[in-house]
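Colleague: Taken in order, these protein sequences are the chains called A and B. Take the first sequence: its letter number 397 is residue 957 in this note's numbering, and every next letter is one higher. Take the second sequence: its letter number 247 is residue 252 in this note's numbering, and every next letter is one higher.
Simulated from the structure, these hints should not be mistaken for laboratory data. Careful: at least some of the hints might be erroneous.
Computed spacing ranges between beta-carbons, pair by pair [said to hold, decoys possible]:
1. E217/B <-> I713/A: 56 to 62 Å
2. V936/A <-> S184/B: 56 to 62 Å
3. L218/B <-> G781/A: 26 to 32 Å
4. L907/A <-> M324/B: 52 to 58 Å
Virtual Cβ for every residue (Gly too), placed ideally from N, Cα, C.
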Amino acid sequence: MNDHRLSALLGRGLWAGLVAFALVGLPVLQQEALALDPGDDEDVTFTADIALILQENCQVCHQPGSIGPMALMTYEQVRPWGAVIKERVVHRDMPPYQYDTDVGIQELKYDPRMSEEEIQTIVAWVDNGMPMGDPAEMPPPVEWPDPAQFRLIERFGRAPDLIVRSTPYTVPAIGQDRWWQPVVETGLTEDRCIMAIETKPSVEGRMVTHHANSSFRVEGGAGGRLSEYAIGKIGEIIPEGACRTAPANSRVGWDIHYWPNGVEIVDATVEIGIWLYPEDYEGTYRQTLSLYGLQGGRGFDIAPHGTLMTQGFHGFDTPVRIDSFQPHGHTRLVAMSMQILRANGRLEMVSMVSNWSALWHHSHIYQDHVAPLLDVGDKLLLTGWYDNTANNRYNPDPDQWVGIGDRTADEMSHSWIAVTHLDQEGYEKILAERQAQATPTTD
Amino acid sequence: MTRIRLALGGATVALIGLSALPLQAQDWTQREFPLAPSNSSGNFVAPYFDGWYLNEDGSYTMVFGFMNRNADDLVEIPLGPNNFIEPAIYDGVQPTSFPVVSYGGFGGPRERGVFAVVVPADFTGDVWWHLTTGDYSTKVPGRLYSPGPVIKGAYELSTTPMAEGSMRPLVGFSPDNTSWGPLGVWAPETYRTSVGEPIAVTVWAYDRGDRELRDVNMTLWKYQGPVGGQISFVSMVEPPPPPPPAEAEPSPAGGADAAAAGGRGGAAPGGGAAAGFGGRGGAQNLGGPVGPLTPQQPVRIPLQGTAPNQGKFSAAFDMPGEYVIRVRIDNFTSGDSSAGNQCCWSNAYVRVVVTE
């Protein structure tokens, strides 16, 4: 094997490489940005303070057998990584949830962001030399579930009602992207409303599964989108009152994007866990998950060493509620926002992700009482920012022209957005409920 | 509204590094009006490096394509100071004719894998393709290393079967003179004709998928030639008889829903001329057409048992000069093959000298 080939093999595992980079790599890149005051609490210790923070925020991934590149269970395991941990949490690279803390809606249904207090506690501990503390103060270890288990089981307290598994595919060690498109039966005999969805690659296949889209197919046509998964995403939760329908006698058509990673993955599979509302639940309004494009027209291109902004405007023919927002791009996308341009010209910021990473395709799910409402005539305004310069740490080659395409070396520009399609009566009802909740009462 | 705040703070600060760029007209690294609609005409052509693959002898094939950013305008750039490759040893194989294409799904307006060059196993430099359209010059490097700190093999292409078994088809001008991939094969003879007198060409194409073999598509392109010179292509591919209803293929697994929902889509160059082709489903046995072709209109070449698919066409020229025709044989009839995912097609090239 010559040098070119060896180098390519070492570096070609894009997602694995990106994950490793994001988790542990290049802490020196942003050292100058660490402008926080050194901690002034010299009593912070690992056993009394840090261990609990790690249990609540880090160990789900950073435990043996999980996806984190190192375990963070014990003092001995954590101490060598202290500076990196500080770096990552201060910049909110970890826990991985890229959603601005000071812009737009902050009340989210799944929100793993650390509190500022937790971050400052870690900073203080690292800056004070990372003392271990009294072993007697160490919290008991957490009984972690099997890493192969669906994460939403913890939220819902039960296993999914339905699991749809893709047929196995052996991902070769070497080669470009693969798109695997099996069609499998759901086994559903009646229409049901979906409460939540989690898409989960097999443990061995996680590092080579870029995305996994799924749609229902029914006799005579399409049955609607089931879900979208991209690396890092946990799942989707459909609000009470809405219904994303799982049709009777349907099949699921998969579109799984694998990226060979240097190691053959035998019989990789992806599972979708579906939690269903009760049989008699119908939901008042239909909810859909769809792709909302930003590029418009004939696509887009990004010049070498250049930047780009893309935008997309989307209107609806009925009032709607926006239930979730999930930016999508590849290695040159760095930020995306969602705004509402009201019919009267007022512009409202809904969500902003200004340190976006292709590693973590989170679906930001709004709490029911703050999920944005759009009337007919309002427009959803999506804006994406791309950086094809060397300043983008994930950019594989700033000398290249970059255009739209399926491959990870190319780019995309869209958001996955879950929308509940209301009618005027429902829209007015939600508005009135929110207004009543916001109005102080006096006795 | 609860806890919704206008984004004049953090977002602006976070993005100022991207948006506060100096304004320089004609410099597309720094766009003066980044959100303005692009002009539908008068735009430049961008050269693209599509990737590389390792050859059996240890050498590497570097693959290039282009994006014509116009809505309709064909752009032609003769070989020379406005269209050249460095090192010069690789110069001359690139196209001079850049039509507008538009592929479905995430294929977009890029024509990929138009040509390729082979560099030796110990090659360590870059192969630069320079293009000047009007007064705008740009270039792109072909290289084996991606210099970014994370991904070194981002532009590696594949020679192994795709998920459903599709591979780059074989193409040639005789059964014993075939190749595959963007590097393709050149016709051994240079055709000679005069203006208005068509030549007849036959290409042999072999689907070599690791699955049940299928029909392939043929598209014909003016690749090189005098500026303004037009080639009229006529397909002579006989369509197969329609299959009996019981043997009609089932609906594709992907289909319109997948494509409409952001799937990759298939071949639809030329603004939809390929309706009925491509997509991500199984082959539709449409055959033909026989007769004149619109630019980049695909022709389905039916599989004929164990014999190769044969593409037959004529080409007539309206201006004297030296031309090259590009024949692209693709497998976009398969769900795991499309322009957007860089698989699976192969090129063949035909040199033609046209006199008055």
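Colleague: Please go over all the hints and tell whether each is borne out by the structure.
Modeller: To see whether the hints hold, each was checked on the structure:
1. Range check, E217/B to I713/A: Cβ separation about 41 Å, and the 56 to 62 Å hint is violated.
2. Between V936/A and S184/B the CB atoms are about 57 Å apart, so this pair conforms to the stated range of 56 to 62 Å.
3. In this structure the supplied range 26 to 32 Å holds for L218/B paired with G781/A, their Cβ-Cβ distance being about 30 Å.
4. At about 54 Å, the beta-carbon gap between L907/A and M324/B stays in the expected band of 52 to 58 Å.
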